[in-house]
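Engineer: What follows is the residue order along each chain.
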Amino acid sequence: MSSLPGSDVLVASIFVLFVATMAAGALLAVSTRRIIRSVCGLAMCSIGLAGMFYYLGSPFIALMEILIYVGAVCVTIVFAVMLAEPNEPAAQARGRRRWVWGAAATVVSVSIFLGIGRLAFADGWPARAAADADGTVEAIGVALLSTYSLAFEVISLVLLVAILGALAIARIGRHRE
Amino acid sequence: MNFMELHQLPQTYLLLAAFLLAAGIFGLMRRRTLIGMLISGELIFSAAMLNFVAVNRFFAADPVQGQIFVLFIMGLAAAEVAIALSIIIAVYRNYRSIESAELTELQR
Chain A
1 MSSLPGSDVL
11 VASIFVLFVA
21 TMAAGALLAV
31 STRRIIRSVC
41 GLAMCSIGLA
51 GMFYYLGSPF
61 IALMEILIYV
71 GAVCVTIVFA
81 VMLAEPNEPA
91 AQARGRRRWV
101 WGAAATVVSV
111 SIFLGIGRLA
121 FADGWPARAA
131 ADADGTVEAI
141 GVALLSTYSL
151 AFEVISLVLL
161 VAILGALAIA
171 RIGRHRE
Chain B
178 MNFMELHQLP
188 QTYLLLAAFL
198 LAAGIFGLMR
208 RRTLIGMLIS
218 GELIFSAAML
228 NFVAVNRFFA
238 ADPVQGQIFV
248 LFIMGLAAAE
258 VAIALSIIIA
268 VYRNYRSIES
278 AELTELQR
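Which chain is which? The protein sequence lines are A and B, in order.
For the record, in the first sequence the residue sitting at position 160 is 160 according to the numbering used here, with numbers rising by one throughout.
Start counting at 1 in the second sequence, then tack on 177, and there's your number in the numbering used here.
The set of hints was computed from the structure by calculation and includes no laboratory data.
Even glycine gets a Cβ: it sits at the ideal position worked out from N, Cα and C.
Where hints are given, some of them may not hold.
What the hints assert, rightly or not - Here are the simulated distance ranges between beta carbons: (1) Glu279(B) <-> Ser31(A): 39 to 47 Å; (2) Ser31(A) <-> Gln185(B): 27 to 35 Å; (3) Met181(B) <-> Leu160(A): 42 to 50 Å; (4) Ile172(A) <-> Leu186(B): 28 to 36 Å; (5) Glu279(B) <-> Asp8(A): 49 to 57 Å; (6) Thr136(A) <-> Gln185(B): 46 to 54 Å; (7) Val78(A) <-> Leu186(B): 31 to 39 Å; (8) Leu10(A) <-> Ile260(B): 37 to 45 Å; (9) Ser277(B) <-> Thr106(A): 13 to 21 Å; (10) Val107(A) <-> Glu279(B): 20 to 28 Å; (11) Ala238(B) <-> Arg96(A): 49 to 57 Å; (12) Asn271(B) <-> Ser7(A): 54 to 62 Å; (13) Gln185(B) <-> Leu67(A): 25 to 33 Å.
Between the sequences and the hints, there should be enough to build the whole structure, so can you do that?
Structural biologist: Here it is, written out as C-alpha cells:
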C-alpha cells in the first residue's frame, strides 16, 4: 500500500471510520428504546466489525459477517419484531428502582471495559510467531475440508436440528392459542 | 502509538472487543424485552469473534485456525438466533408480551 502518495492516511482514516461505525452501532443497539432501531444498530455494528476483520487480514470472515449477520440474523429479528410486540415499555412509576438498576448496569459494564482494557495493555503478550502461512480463502477451504471436516459436518447437523426445533416450537405455540 | 499505525496494533482490536463485551453486558442488564436481550447477546458474540481474529492475526502461528473457529461461532450464533426467536414468538403467543418481567408464572 505504498503506490499512492497519501494512501497511508486513507487507510488509517477508513479504519477509524469502521471503528466509529462499530462503536456507534453498539451504543445504538443497547441504548435506544425502539427495538427496530436497536436492530439497525446491530446491523451497523456488524458492518463495522466486517471492516475490522478485513483490516485483520481475513476478507472471507468479513464477507461472512455481512452475509450472516446483516443478511440473515438482522432480517430474522425484524420478522420477529413484526410478529411480536416490539418496543420497550415506557418507564413505570417505580422510577427510583429503575434508576438504581441503570446505574448498576453502567458501573458493571464500565468496570468490565476498564479491566479487560488494562489487560490488553499489560505486558506478557507473546511476540508474533514466525511461521507465517497465508490465511487466504484457499487455505481456509482446504483446512475446512481436511483438518476440520468432522466439525464442519457436525455444525451442519446442529443447524439442521436447530431449524427443526425452531419449527416445532413455533408450531406448538400456535396449537395452544 | 500514532494515528497512522492504529490498525496494526493488537491493543486497538482487544480494546474494541472489550468495548463490545461491555456494551453487550450493559444491554443484557438494562433491556427489558427478550428481543433486546437477544441483540445484546449477539454483541457479546461479536466481541468474542473480534478477539479470536485479532489474537489469531497477531499472536498465532497458523492464521487459518482462528478464522475457522470464528466461522463455527457464526454458525452456532445463527442456530441460536433461530431457536431463540421461535421461543420468543411462542412466549408472545401465550403471554401476549415479551417483557421479561411479565414471565412470572412459576412464582405464583
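Engineer: Look at each hint and say if it fits the structure.
Structural biologist: For each hint, the structure was consulted:
Restraint check, Glu279(B) to Ser31(A): a C-beta distance of roughly 22 Å breaks the suggested window 39 to 47 Å. At roughly 31 Å, the beta carbons of Ser31(A) and Gln185(B) sit within the given window of 27 to 35 Å. Restraint check, Met181(B) to Leu160(A): a C-beta distance of roughly 48 Å satisfies the suggested window 42 to 50 Å. The supplied range of 28 to 36 Å is broken by Ile172(A) and Leu186(B), whose beta-carbon atoms lie about 51 Å from each other.
Between Glu279(B) and Asp8(A) the CB atoms are about 55 Å apart, so this pair conforms to the stated range of 49 to 57 Å. Distance hint for Thr136(A) and Gln185(B): a CB-CB separation of about 19 Å, inconsistent with the stated range 46 to 54 Å. Distance hint check: the CB atoms of Val78(A) and Leu186(B) are about 36 Å apart, consistent with the given range 31 to 39 Å. For Leu10(A) and Ile260(B), the Cβ-Cβ distance of about 43 Å falls inside the hinted range of 37 to 45 Å, so the restraint holds.
For Ser277(B) and Thr106(A), the hinted distance range of 13 to 21 Å is satisfied, since their beta carbons lie about 19 Å from each other. The given range of 20 to 28 Å is respected by Val107(A) and Glu279(B), whose C-beta atoms sit roughly 27 Å from each other. Look at Ala238(B) against Arg96(A): about 55 Å separates their beta carbons, and that is inside 49 to 57 Å. The beta-carbon spacing between Asn271(B) and Ser7(A), approximately 58 Å, falls within the hinted interval of 54 to 62 Å.
Between Gln185(B) and Leu67(A) the beta carbon distance is about 27 Å. The supplied range of 25 to 33 Å therefore holds.
Violation of the numbered hints given earlier is confined to hints 1, 4, 6; the remaining hints are satisfied by the structure.
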